[in-house]
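Assemble the whole structure, with the sequences as input and the hints as a guide.
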Amino acid sequence: MKISKKLGVLMALAASLVSGAALAIDGTLTVVTSFPKDLTSVFKEAFEAKHPGVKVEVLNKKTSAGIKYLQETAGNNSSDLFWASAPDAFEVLKGDSLLVKYSPKAEGIPDKVGAFPINDPDGYYMGFAASGYGIMWNTRYVKAKNLPLAKEWADLKQPVFHDHVGMSAPSRSGTTHLTVETVLQGMGWEAGWAEWKEIAGNFKTVTERSFGVPDGVNSGQFGFGIVIDFFGLSSIGSGFPVDFVYPEVTTLVPANVGIVKNAPNQAAAEAFIEFLLSVEGQKLLLDPKIRRLPVNPKIYAEAPEGFPNPFKDKSIGAAVKFDLDKSKDRYNVVNALFDVMITYRMDELRSAVKAIQDAEAALEGKENPAAAALIADARALVAKTPVDEATAGDKAFNAIFKKKRKKATDKASGRQAEIEQEWDDMVKANYEKAMELAEKARSML
Amino acid sequence: MALRLAGVQRGPAVVGLLIAIFLLLFLLIPVGKVIVVAFQHPATGEATIVNFLDFFNNSLFRESFANSFYVAAMSVLVASIISMPLAYFTTRFNFGGTALIQTLGIIPLIMPPFVGAVAMQLLFGENGSVNLLLDEWFGFTLPFMEGLNGVIFVESIHYFPFILINLSAALGNIDRAMEESAQNLGANGLRLFRRIVFPLAMPGYVAGAALVFIKVFDDLGTPLLLNVNTMLAPQAYLRVSSIGISDPMGYVISVILVGFSLLSLWISLMALKGKDYATVQKGGGGLMKRDLRTWEKAGSYAVIIFILLLVLSPHFGLLLLSFGTIWSFAVLPDAFTLAHYATVFSTATQYIVNTLWYAGLAALLDVILGTAIAYVVWRTELVGRRWLDYGATAALAVPGVVIGIGYLRTFHGVNVPLIDQPLASWWVIIVVAITIRRLPYALRSCIAAIQQLSVSLEEAAENLGATKARTVWRVVIPLMSGGILAGFVTSFATAAVELSATLMLVARESDAPLAYGIYEFMQSAAGRGPGAALGVVAVLFVGIGAYVSHLIIERGKYARSAKSIVAEES
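If you read the protein sequences in the order shown, they are chains X and G.
Residue numbering for the first sequence follows our numbering, beginning at 1 and increasing consecutively.
Residue numbering for the second sequence follows our numbering, beginning at 1 and increasing consecutively.
Among the hints, a few may not be true.
When the alpha-carbon atoms are kept at most 35 Å apart in a straight line, the in silico DSBU-like pairs for lysine-lysine are as follows [to be verified]:
id, chain 1, residue 1, chain 2, residue 2
1, X, 261, X, 94
2, G, 33, X, 94
3, G, 33, X, 101
4, X, 44, X, 55
5, X, 261, G, 33
6, X, 328, G, 33
Hints listed in this document are in silico derivations from the structure and should not be mistaken for laboratory results.
Quick look at the structure:
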């Protein structure tokens with residue numbers, strides 16, 4: 001009896017040893033990511049050095065393509081991790097139940113950075129670095145064109161910046177979406193859109209991908225870009241004649257990682273997350289070609305001089321209390337509105353805003369109430385948004401823009417194309433009318 | 001029907017059927033699976049055409065349609081102006097460096113993604129080198145890269161090689177006797193070209209012009225580069241690729257692009273209908289080549305050099321970018337370095353090797369399929385044969401991202417036996433995707449070649465006792481060789497920089513092609529130089545490939561013409 005008991009213990013021990021050996025991580029770890037090679041190669045090398053049995057296979061796809069890839073391959077999944085910036089991309093995957101929960105063991109990471117929670121409250125994805133939006137500019141361009149510097153969003157709407165600003169569209173870049181939403185929440189729905197449209201009136205371009213903005217500023221194609229911090233910081237790090245600043249109204253947002261459901265190599269995936277969050281992994285973020293804000297506050301002690309520290313400098317990302325639920329509820333409407341009002345009607349908007357700016361310049365120092373009233377009307381027409389805040393946040397209204405009907409019986413009233421056409425009619429007519437009024441005002445001066 | 005086929009038709013019928021199955025499996029079904037939402041009611045999922053009504057009710061889409069049409073038509077015009085002198089001088093006259101000129105004329109087709117765009121902006125953009133110099137010297141700038149005219153400018157210098165290649169091949173196929181007869185009757189100079197030579201080369205010109213028109217109409221890269229959103233292809237792309245939202249209009253626009261492209265193809269076929277371009281004599285090796293007087297020669301060279309400088313300028317920009325350190329708001333980079341090439345050769349050689357394999361295999365498959373389709377369409381009476389042509393050409397208008405998603409959707413559940421992994425993540429699927437996307441190029445060249453080939457040559461061979469298969473192998477294919485090679489070069493060149501479908505399908509970094517490598521580099525500020533270096537490598541490889549092909553063509557012509565002279569003398 002005694003012997004058999006001992007044997008049992010031994011056997012259990014042996015079994016645990018064997019299973020322990022099976023858990024020792026090896027094999028291939030497939031990571032789908034939107035991060036540049038400059039970032040991924042650093043982490044890949046360090047991780048492989050730490051876990052020699054594992055080969056990291058990096059699949060670089062832009063965020064939207066990465067989501068589509070995971071959705072399409074879900075039935076026969078071959079990816080372990082999804083690693084990207086925008087929290088909303090992870091929300092989409094979470095909504096499609098393509099991620100699994102994981103609670104990281106790493107220590108020393110606070111709950112929030114700025115006003116934003118670092119990890120998904122439901123535990124499906126974790127933040128490993130923080131980023132905030134700001135303004136970057138090309139110093140040669142600014143000097144050659146004799147421009148002042150823009151340090152706040154509101155600066156960018158000054159007439160002097162006409163045709164000098166670039167930005168990406170929120171429907172294409174999750175981080176751009178957060179910037180747009182941050183200003184909308186910080187200033188309120190109506191005022192926020194008015195602000196965006198006045199800034200957009202100075203746009204040189206709306207780029208199709210988010211990297212197009214730093215690319216354009218680096219080349220000197222346009223002078224100022226609304227970009228996420230690491231685009232600016234890493235461009236400086238690579239030697240381009242550019243500079244970067246955080247405006248007061250910005251949101252710090254975590255860049256994330258999450259384990260894909262039915263991951264072929266779950267153990268390695270977990271090890272990778274732990275590595276990202278470890279002190280060793282966090283330090284890698286300070287690499288001059290990466291330059292992202294670590295989520296472990298201790299790391300900043302080793303950061304180069306002038307490197308922003310959101311845990312110390314409370315002004316970064318603290319002005320707005322970002323309401324994640326509000327953002328989520330109206331996500332699609334905000335994207336569609338931006339495209340209809342700004343991206344697709346860039347020329348009309350630009351001409352209208354230019355006409356207003358010219359009229360105002362002519363009015364400067366003169367007393368002409370009639371002209372001033374016309375200009376105010378024109379401004380109001382440009383600012384007008386086809387949807388009020390309540391409708392934008394309405395679930396049923398948002399459902400029209402959603403891709404999947406969950407059940408065949410789900411119905412949404414109205415079609416996206418139909419609604420966009422209504423918006424477009426209104427927006428285009430308003431811009432044209434605004435231009436007319438502004439020109440009329442100008443002719444009176 | 002198949003039962004009543006005469007014996008001679010059975011072979012082609014089997015070939016036609018196999019091609020039809022291939023197209024069905026790798027084009028129609030995957031694409032159908034994606035664009036089916038275009039025909040579903042967005043709210044209820046019922047079959048409907050309401051989305052198409054929405055399209056035509058939407059003023060933004062109507063504007064986009066008009067813009068796309070205008071840009072495509074103007075690009076054909078400008079591309080013709082660029083390519084005609086090049087094709088004419090190099091095929092009509094004894095001219096040093098013909099193969100070199102023809103090769104350089106193909107290079108513009110290979111514009112590596114992303115880096116090409118950056119190079120263009122640095123050179124021709126509002127604050128690019130040219131405008132900075134103009135501003136400094138004369139105090140004004142030119143909007144090369146603004147709006148629709150900018151799109152036309154870039155598209156024309158990007159796609160004119162389609163006309164150049166096909167027109168040159170066609171000029172090379174014209175029967176010398178025709179020209180001699182015309183000369184004997186007193187025609188010469190421009191009149192000879194306008195009334196005899198050009199009309200006889202019509203199939204080649206129309207093939208090239210149709211390609212330019214359809215390609216520009218469906219092109220996505222250039223409008224995105226210039227940030228012109230009010231055209232159809234970018235509208236489709238922006239709607240397909242936005243996060244979270246899925247708007248059926250993206251797919252509706254894709255269907256409309258396909259439909260309109262097929263319509264323009266059909267019109268181009270109608271334009272050639274009822275005329276016979278075939279010539280019997282093939283031994284002469286094309287038009288008689290004339291010597292030019294010295295001043296004529298100097299003038300011709302001046303024109304050619306000017307054109308080449310213009311169309312190759314983006315590649316000069318690319319070269320500068322690949323050797324430059326920092327290039328920002330300046331006429332030239334701040335300093336030069338070899339470091340970017342070192343980076344490429346230490347980290348990215350795998351991409352280069354993969355690309356040579358993929359593009360080579362795809363181009364080979366394309367000319368095989370293209371020749372087979374051309375033969376089935378023009379030499380048999382099979383029912384529905386034209387649909388092979390339409391079907392294959394439809395691929396031109398399908399956005400690459402739609403093909404990518406369609407392949408994932410269709411083939412991810414299919415495991416390849418023996419290697420036991422999904423077909424969608426096997427490297428072969430990338431080759432298939434590229435083959436499908438580039439088939440239209442090879443196909444147009446092959447069809448132009450067979451249109452110029454008189455059926456009486458085949459009849460003669462058969463009368464002499466050759467079987468159908470032997471006739472095809474020994475007579476048809478050798479006489480089509482110029483067109484086939486032109487098709488291979490265009491397919492290969494454009495396949496080497498294919499991005500949109502492959503970006504979706506790459507499942508392992510070790511399987512990734514060069515375009516993916518460029519994309520990866522171009523995601524970060526420091527990657528611009530290495531990305532450009534990789535682009536230059538792609539251009540070099542394709543250039544060498546094209547040059548060798550031209551040497552082969554020239555040698556073939558020389559061999560044939562030499563023989564015919566011997567025959568005349570004896």
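Straight-line Cα separation of residue 261 (chain X) and residue 33 (chain G) no greater than 35 Å?
24 Å, holds
Need the status of pair residue 328 (chain X), residue 33 (chain G): alpha-carbon distance at most 35 Å?
30 Å, holds
Distance restraint between residue 33 (chain G) and residue 94 (chain X), which requires alpha-carbon spacing of 35 Å or less
24 Å, holds
Hinted pair, alpha-carbon criterion (35 Å max): residue 33 (chain G), residue 101 (chain X). Please report holds or violated.
The hint holds at about 32 Å.
Taking only the CA atoms, is the gap from residue 44 (chain X) to residue 55 (chain X) under or equal to 35 Å?
9 Å, holds
Restraint status (C-alpha distance of residue 261 (chain X) to residue 94 (chain X) at most 35 Å)
10 Å, holds
In terms of the numbered hints stated before, the structure departs from none.
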